[in-house]
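K.L.:
Letter by letter, the chains look like this.
There are 2 protein chains.
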Amino acid sequence: MARLVMKFGGTSVADIDRIRNVAHHVKREVDAGHHVAVVVSAMSGKTNELVAWCKAAAPRHDAREYDAVVASGEQVTAGLLAMTLESMGIPARSWLGWQLPIITSDAHASARILDVNADELVKGFKERGEVAVIAGFQGIHKETGRITTLGRGGSDTSAVAIAAAMQAERCDIYTDVDGVYTTDPRVVPKARRMEKIAFEEMLELASLGAKVLQVRSVELGMVHNVRIFVRSSFEAPDSIDPHGTPPGTLICDEAEIMEQQVVTGIAFSKDEAQVSLRRVQDKPGVAAAIFGPLADGNINVDMIVQNVSADGATTDLTFTVPSADYDRARDILTKVKGTVGYDRIDGATDVTKVSVIGIGMRSHAGVAAQAFKALAERGINIRAITTSEIKFSLLIDSAFTELAVRTLHSLYGLDKA
Amino acid sequence: MARLVMKFGGTSVADIDRIRNVAHHVKREVDAGHHVAVVVSAMSGKTNELVAWCKAAAPRHDAREYDAVVASGEQVTAGLLAMTLESMGIPARSWLGWQLPIITSDAHASARILDVNADELVKGFKERGEVAVIAGFQGIHKETGRITTLGRGGSDTSAVAIAAAMQAERCDIYTDVDGVYTTDPRVVPKARRMEKIAFEEMLELASLGAKVLQVRSVELGMVHNVRIFVRSSFEAPDSIDPHGTPPGTLICDEAEIMEQQVVTGIAFSKDEAQVSLRRVQDKPGVAAAIFGPLADGNINVDMIVQNVSADGATTDLTFTVPSADYDRARDILTKVKGTVGYDRIDGATDVTKVSVIGIGMRSHAGVAAQAFKALAERGINIRAITTSEIKFSLLIDSAFTELAVRTLHSLYGLDKA
Numbered sequence: 004m005a006r007l008v009m010k011f012g013g014t015s016v017a018d019i020d021r022i023r024n025v026a027h028h029v030k031r032e033v034d035a036g037h038h039v040a041v042v043v044s045a046m047s048g049k050t051n052e053l054v055a056w057c058k059a060a061a062p063r064h065d066a067r068e069y070d071a072v073v074a075s076g077e078q079v080t081a082g083l084l085a086m087t088l089e090s091m092g093i094p095a096r097s098w099l100g101w102q103l104p105i106i107t108s109d110a111h112a113s114a115r116i117l118d119v120n121a122d123e124l125v126k127g128f129k130e131r132g133e134v135a136v137i138a139g140f141q142g143i144h145k146e147t148g149r150i151t152t153l154g155r156g157g158s159d160t161s162a163v164a165i166a167a168a169m170q171a172e173r174c175d176i177y178t179d180v181d182g183v184y185t186t187d188p189r190v191v192p193k194a195r196r197m198e199k200i201a202f203e204e205m206l207e208l209a210s211l212g213a214k215v216l217q218v219r220s221v222e223l224g225m226v227h228n229v230r231i232f233v234r235s236s237f238e239a240p241d242s243i244d245p246h247g248t249p250p251g252t253l254i255c256d257e258a259e260i261m262e263q264q265v266v267t268g269i270a271f272s273k274d275e276a277q278v279s280l281r282r283v284q285d286k287p288g289v290a291a292a293i294f295g296p297l298a299d300g301n302i303n304v305d306m307i308v309q310n311v312s313a314d315g316a317t318t319d320l321t322f323t324v325p326s327a328d329y330d331r332a333r334d335i336l337t338k339v340k341g342t343v344g345y346d347r348i349d350g351a352t353d354v355t356k357v358s359v360i361g362i363g364m365r366s367h368a369g370v371a372a373q374a375f376k377a378l379a380e381r382g383i384n385i386r387a388i389t390t391s392e393i394k395f396s397l398l399i400d401s402a403f404t405e406l407a408v409r410t411l412h413s414l415y416g417l418d419k420a
Numbered sequence: 004m005a006r007l008v009m010k011f012g013g014t015s016v017a018d019i020d021r022i023r024n025v026a027h028h029v030k031r032e033v034d035a036g037h038h039v040a041v042v043v044s045a046m047s048g049k050t051n052e053l054v055a056w057c058k059a060a061a062p063r064h065d066a067r068e069y070d071a072v073v074a075s076g077e078q079v080t081a082g083l084l085a086m087t088l089e090s091m092g093i094p095a096r097s098w099l100g101w102q103l104p105i106i107t108s109d110a111h112a113s114a115r116i117l118d119v120n121a122d123e124l125v126k127g128f129k130e131r132g133e134v135a136v137i138a139g140f141q142g143i144h145k146e147t148g149r150i151t152t153l154g155r156g157g158s159d160t161s162a163v164a165i166a167a168a169m170q171a172e173r174c175d176i177y178t179d180v181d182g183v184y185t186t187d188p189r190v191v192p193k194a195r196r197m198e199k200i201a202f203e204e205m206l207e208l209a210s211l212g213a214k215v216l217q218v219r220s221v222e223l224g225m226v227h228n229v230r231i232f233v234r235s236s237f238e239a240p241d242s243i244d245p246h247g248t249p250p251g252t253l254i255c256d257e258a259e260i261m262e263q264q265v266v267t268g269i270a271f272s273k274d275e276a277q278v279s280l281r282r283v284q285d286k287p288g289v290a291a292a293i294f295g296p297l298a299d300g301n302i303n304v305d306m307i308v309q310n311v312s313a314d315g316a317t318t319d320l321t322f323t324v325p326s327a328d329y330d331r332a333r334d335i336l337t338k339v340k341g342t343v344g345y346d347r348i349d350g351a352t353d354v355t356k357v358s359v360i361g362i363g364m365r366s367h368a369g370v371a372a373q374a375f376k377a378l379a380e381r382g383i384n385i386r387a388i389t390t391s392e393i394k395f396s397l398l399i400d401s402a403f404t405e406l407a408v409r410t411l412h413s414l415y416g417l418d419k420a
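So the protein sequences, as listed, match chains L and W.
Numbering-wise, our numbering puts 214 at position 211 of the first sequence, and it's gapless, one number per residue.
Numbering-wise, our numbering puts 194 at position 191 of the second sequence, and it's gapless, one number per residue.
Just so you know, these hints were derived from the structure itself, not from any lab.
One thing to keep in mind: the hints can contain errors.
Repeated chains share a single entry, so a pair holds when one copy, or any two copies, can fit it.
Unchecked claim - Straight-line Cα separation of at most 30 Å, DSS-like style, residue types lysine-lysine; simulated pairs:
1. LYS30 - LYS58
2. LYS338 - LYS286
3. LYS145 - LYS126
4. LYS193 - LYS419
5. LYS145 - LYS129
With the rest of the complex left out, here is chain L:
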C-alpha cells in the first residue's frame, strides 16, 4: 500500500462544510488503496483571532504561552476532521504534536522540527486501516514538555516532515491555487502551470514571492527527497481519478525532470527600495559598518552590488531593502555616516526586482545576456544585477514591471501555446 500525506490549509477547513469536503478528498485516496495521513491547519481566521488575544493580553507575551494558545486552532480542526471521517465509516484518529510526538527545538513560535516519530501512524495504517489526522504547525520540546509552534505556514513543514518520517510516496499540498505557475498569471495571462519543478528552483521562486508554500517545507523536501505535489482543494473531490494525473505541480528532485528547461519561471517583487551609497571608503570593515546597524534595526537587506573600486580608494555600493523600511534605512545610514565614510546616499522606492530562475542555466551560457538585450530593445533600464548559479535578478523601474516580466516570459519560451 502506498503511503500518502495530504495537507489542507486554513481556507480548506474554514467551516464544517469545507471540512466535509476535505473528508471526501481523503475518502477518495483511501478508497484507491492509500494509507493516508492528513495534516490540517486551523480554520482560516482562527489563528489570527488567537494571536490578537495574545497581543491584547500582553503586548510582549511569553512565546511558550503564545504557543499553547495558538496551537489550539489546529487541535480543533484535527478532531473535527477525524470525527467527520469516522461518521463516513472511515477509521480515523486525531494526533496532536505532543502525541506522536513531533519533537522540535525550543525556539517557541518559530521552532524547527528535529524528529517525527511515525511509529504509531504506521501501526494505525497496518493494524486498523486508520487514517491519521495530524494537527499541523505544532510540536513539543522534549526537555520541557511544552507545546511549540513552527511559525506561520508551518503546517506545510509539518506535512513534509511527516511524509519523510513515514516514507510517504508523495506529500500532497492542497491549496487555493492549482499549482505553481511560470509567473504571476495576473500579470502574464500566458503564464503556464508547471508540471514539475526542481526543489532548488522552487526554493528560489518561493522566497521570491510566489507564496504557494512555506520555504522551509521545500528545504525539508529537498533534504529528505519528499516529492511535494501542489494541487487545488476546490475541485470536486469525486471528480478526480485517484489513479490519473490531476492538475497540479510536482516539486521533486531534478533527476526526475526529464527535459530540463533552461528557464523555469520569472518572479518579481515590487516592494523593493534601492539604496546607493556613493564614494564609500574602500577599506576593510566597511561592509560590516553599513550592514551591522541595518541588521540591528531588523531591516532585511536583499540584493547587494559592489563594484571593484576604480580609484582604489572609494567605491559605490547599492543594495535593496523592503520599501516599507526605506526611510528607516536612510536614517540609520545617516547616523553612521561618520564611521562608514561615504559621500552621499541616493535611492529610489519605485523599483522592482525581477528574477529569472532555471536549473538549466548552470549548463547554458549567455542566458542573462539574452535578457539584457531584450530589455534594452524595449528601452528598459537595468539599475542593478545580481546572479547565482540558477537565477539572476534585475532591478528596474517599477513602471516597466509588467512589460519586463512579459518580455522575459516570452523570451525564454514560457508562454502557453
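Starting from the known structure of chain L, fit chain W onto it as the hints suggest.
P.N.:
For chain W alone, kept in the frame of chain L given last:
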C-alpha cells in the same frame, strides 16, 4: 507558605479584560504570600461553539475526538492568563491536563479523575515562586494517551482534585454569585448567604438545583476534606483584604461548623412531573419492570413513593420525572402495561419538589412534622413525601411554590434579620 487553589469559570474569563481582572485577584493572593494554583474554564460561549461544531461535523461523534476538540477552550484561557500574569511581573506557567498529568478514566466526555500529580506544581512554587495556571475540565487517559474531559462544570472538580493533590489550605471557587444562599433570593428576598455549610448539606443542595458548583466537586471535597470557598469574581480585586474574611460560603467538614443549624437551606425544583400508577400488581420484579424501561429511555426518575399494599395484591406507585420527559415516560409505561400490570396512569406536570436540608435533622425529631403543619395552615396540599437522614422533600402544586418556600424559610428561622 499556605497553598491556595483559585478557580474561575467561563464568565470570569469571558474576554481579555475579564482575564486581566482574574490576574489581579491572583496577584492579591500572591502578594499576601500564598502559593497559588489557578484553574480556569473556557471563555464563556467557547465550549458551546466547539460543541456545536462537533454536532455539525458528526451528529453521533466519537467522544475521543469530541474531547480533543472541546479541551482546546481551556487551553486558550490557561495560556492567556499565564501570559497576562507574567506581563504583570508574576512568574507563571500554564499546565494542560496531559502535562501535569491529571489522570482520568477513559469515559470520554464524562471522565472521572483518578489521580493528579502535583509534583511539578509544588516544585514551581518552591523553586521559582511560580503561579500554576491549569486548564480545567480536562485530563488524559493513561493507556491511550488521549485527552479526556470531565463533562460540564468539570473545572470545579479539577480545582478540588488539584487542591487535594497539592494539599491546599482552601479551594476558592470564584463565580457570578457571592456564595450559597439559604434558598433562591429571587423567590425569597429574605434569603441569607450562609457563612458555612457542611459537605453533605451542599451535596443535597447542589443536586437539588442550587447550581453553584458541580456536585462531583463537592463529593471530592468531602472525601479528601478540601475546604471549598464559594465567592464572587465580580468584586474589585484590590478592594479585598486577603487576610480578612471576604463574603462567600465555606463548604467544609461539619466538625468545622460550631453551631449547627437544624435546617440549613430550602431547595426547590419546578421542572418536575408526577407519575402515579394505580393498582400496580404487588409482586417481586414489578419495580424493575417499571423503572428498567424508563432507564433504558434515559429518563431520570427522582422521588419514588410506594405504600405498603393495603389489600396485599395491589399498590399505588408514585414517582417524579423531569417534566420534559413526562410524555415520553407515559408512552413507555403504556407499552409495558401488560408486563407490569396496573390499572391506570395518573399524572401532573404542574408540580414542584421542595426540599428542606439540614444536618441537624439527624438529632432533632419532628422537623418534618412542623413543615406539614405550617403548609396545611396555608392550605397547601402535599402530594408526596420522601425523606432521608438530612433532608425531606415534598411534592406540591406549582402554584404554591413561592408561598411554600417562604413559609418554610421563615418556619426554620432562615430569614435574615
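K.L.:
Looking back at the numbered hints, which does the structure fail to meet, lowest number first?
P.N.:
none
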